[in-house]
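Asks: Given the sequences, and given the hints that come with them, work out the whole structure.
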Amino acid sequence: MVRVEFLGPIQKEALELDISNLNELAKILQGDAEVSDWLESCAVALNDTLVTSLEAPLKDGDKISLLPPVCGG
Amino acid sequence: MVRVEFLGPIQKEALELDISNLNELAKILQGDAEVSDWLESCAVALNDTLVTSLEAPLKDGDKISLLPPVCGG
Amino acid sequence: MLSLYTGPLDVPTILKEWYEEEHKSNYGAYIPFVGTVRSEDEIDGLSFDVYEPILESWFSSWQEKAKAKGAKIKMAHSKGDVMLHESSYIAAVFSPKRRVALEFINEFVEDFKASAPIWKYDLRDGQRIYAKDRSTAISGSGLLA
Amino acid sequence: MLSLYTGPLDVPTILKEWYEEEHKSNYGAYIPFVGTVRSEDEIDGLSFDVYEPILESWFSSWQEKAKAKGAKIKMAHSKGDVMLHESSYIAAVFSPKRRVALEFINEFVEDFKASAPIWKYDLRDGQRIYAKDRSTAISGSGLLA
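Quick mapping for you: the protein sequence lines, in order, are chains A, B, C and D. Each step along the first sequence adds one to the number in the numbering used here, with nothing skipped, and position 46 is 48. Each step along the second sequence adds one to the number in the numbering used here, with nothing skipped, and position 13 is 15. Each step along the third sequence adds one to the number in the numbering used here, with nothing skipped, and position 71 is 74. Each step along the fourth sequence adds one to the number in the numbering used here, with nothing skipped, and position 66 is 69.
Quick caveat, the hints were computed from the structure, so don't treat them as lab data. Each hint should be verified, as a subset may be incorrect.
[Claimed, not checked] Which stretches of chain C does chain A cover? Using the computed rule of at least three CB atoms under 8 Å from a CB of chain A, they are: (1) 6 to 20; (2) 25 to 32; (3) 65 to 71; (4) 103 to 110.
[Said to hold, decoys possible] Distance condition first, Cα-Cα at most 25 Å in a straight line; then the derived BS3-like pairs of lysine-lysine: (5) C:Lys68 - C:Lys135; (6) D:Lys72 - D:Lys135; (7) C:Lys72 - C:Lys19; (8) C:Lys70 - C:Lys100; (9) D:Lys72 - C:Lys82; (10) C:Lys100 - D:Lys27; (11) D:Lys19 - C:Lys19; (12) D:Lys100 - D:Lys72; (13) C:Lys100 - C:Lys75; (14) C:Lys19 - D:Lys82; (15) D:Lys27 - C:Lys116; (16) C:Lys82 - A:Lys65; (17) D:Lys82 - C:Lys27.
[Unchecked claim] Heads up, incomplete: computed chain C residues facing chain D, CB under 10 Å, no partners named: (18) Phe36; (19) Val53; (20) Ser60; (21) Lys82; (22) Asp84; (23) His88; (24) Glu89; (25) Pro99; (26) Ala117; (27) Leu146.
Think of the CB as a built atom: it goes at the ideal place given N, C-alpha and C, for glycine as much as any other residue.
Replies: Here's what the structure looks like:
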């Protein structure tokens with residue numbers, strides 16, 4: 003299972019999903035009305051490292067985080 | 003009389019000179035071995051305002067300052 | 004050094020501690036940047052969420068960049084609520100040379116604004132409202148869209 | 004505000020005073036630049052001569068430039084001797100916006116180095132030696148040559 007966390011202002015509980023790559027995650031979240039509007043502006047981290055490709059393979063216990071637009075300071 | 007002061011590292015006492023413009027001052031200082039080597043790198047202030055022309059007329063009581071290269075901080 | 008505090012920062016104390024930690028380290032320049040909550044749009048204050056694991060790795064990468072230039076960085080940020088005229092952010096660079104320090108604080112603060120995983124909310128009428136319009140999508144966003 | 008001190012600056016106290024004077028003035032950014040004497044070329048310290056009348060008019064012109072951008076500047080500098088690892092210079096900008104503050108502190112510190120009527124001496128073996136090689140001729144120099 004892969005854990006998917008939604009950070010900051012995205013009001014959504016973490017998901018536990020049985021997926022093997024980020025393409026599968028993209029399809030699931032695009033169909034989720036709570037989160038689909040956020041996807042365009044969200045960065046994605048795998049095990050706390052930002053990723054830039056959908057191809058990275060996922061394994062049991064991985065953590066994915068969705069990071070909406072930031073504004074520190 | 004016009005007072006001429008030498009600031010910072012120029013080791014020279016102030017002069018009291020009877021001059022009516024900066025051209026006259028330039029001639030006097032170019033002939034002064036204590037200060038002639040400094041002239042190339044010195045800025046000039048008339049009554050504490052930097053000047054960029056030799057033409058400014060001088061009047062009795064004016065103060066001229068020679069400012070050698072600076073390094074604050 | 005990255006320090007997170009719940010609530011506002013004690014700016015004089017932090018600036019003093021950082022100065023005292025480093026003034027004998029032979030850095031000629033110390034430039035802190037202090038961010039203070041401004042009165043704008045009738046807010047009562049700001050509130051912050053911080054995602055620490057990625058903030059720490061982002062900060063580590065800047066520590067490495069600083070080290071490569073012979074410099075050092077320190078940063079403090081608030082979590083939770085920070086009211087009007089209180090401060091939520093201090094970043095500082097120490098460097099042997101002033102040019103490196105002036106350029107580095109500029110680059111660091113700009114990348115902080117664009118990349119650090121911190122979310123800002125306006126506090127207004129007892130509500131906590133995401134500052135969406137002032138927020139920046141992290142580089143590479145939209146991967147799942 | 005321009006403050007001159009005989010000997011080294013009490014950096015934590017000055018940074019604290021300036022912060023407390025302005026943190027309710029609705030400036031979002033406060034950037035001090037602190038200059039500290041580095042151990043180099045076996046010096047024991049530095050010493051400074053300051054020509055106050057022209058320093059004050061130079062500083063006033065920068066206060067006007069700051070005001071035109073909605074910002075404010077403060078500066079402190081030492082006169083006389085400042086030993087190794089002590090500090091001789093603080094310049095600070097306060098501004099509503101960070102971009103203005105980051106650009107202003109850069110321009111201000113660079114023009115300070117090029118124009119402020121302050122002369123620096125190395126203290127070495129009990130002697131006070133003009134730091135000629137590190138000094139910059141003020142723009143327009145050479146008028147009398």
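Asks: All the hints need checking, so say for each whether the structure fits it.
Replies: Okay, the hints, checked on the actual structure:
no. : hint               : verdict
1   : 6 to 20            : violated (count 0)
2   : 25 to 32           : violated (count 0)
3   : 65 to 71           : violated (count 0)
4   : 103 to 110         : violated (count 0)
5   : C:Lys68 - C:Lys135 : violated, 30 Å
6   : D:Lys72 - D:Lys135 : violated, 35 Å
7   : C:Lys72 - C:Lys19  : holds, 24 Å
8   : C:Lys70 - C:Lys100 : holds, 13 Å
9   : D:Lys72 - C:Lys82  : violated, 31 Å
10  : C:Lys100 - D:Lys27 : violated, 32 Å
11  : D:Lys19 - C:Lys19  : holds, 8 Å
12  : D:Lys100 - D:Lys72 : holds, 10 Å
13  : C:Lys100 - C:Lys75 : holds, 12 Å
14  : C:Lys19 - D:Lys82  : holds, 23 Å
15  : D:Lys27 - C:Lys116 : holds, 23 Å
16  : C:Lys82 - A:Lys65  : holds, 23 Å
17  : D:Lys82 - C:Lys27  : holds, 21 Å
18  : Phe36              : holds, 5 Å
19  : Val53              : violated, 19 Å
20  : Ser60              : violated, 24 Å
21  : Lys82              : violated, 19 Å
22  : Asp84              : violated, 17 Å
23  : His88              : holds, 5 Å
24  : Glu89              : holds, 8 Å
25  : Pro99              : holds, 7 Å
26  : Ala117             : violated, 12 Å
27  : Leu146             : violated, 29 Å
Hint check: violations occur at hints 1, 2, 3, 4, 5, 6, 9, 10, 19, 20, 21, 22, 26, 27; the rest are consistent with the structure.
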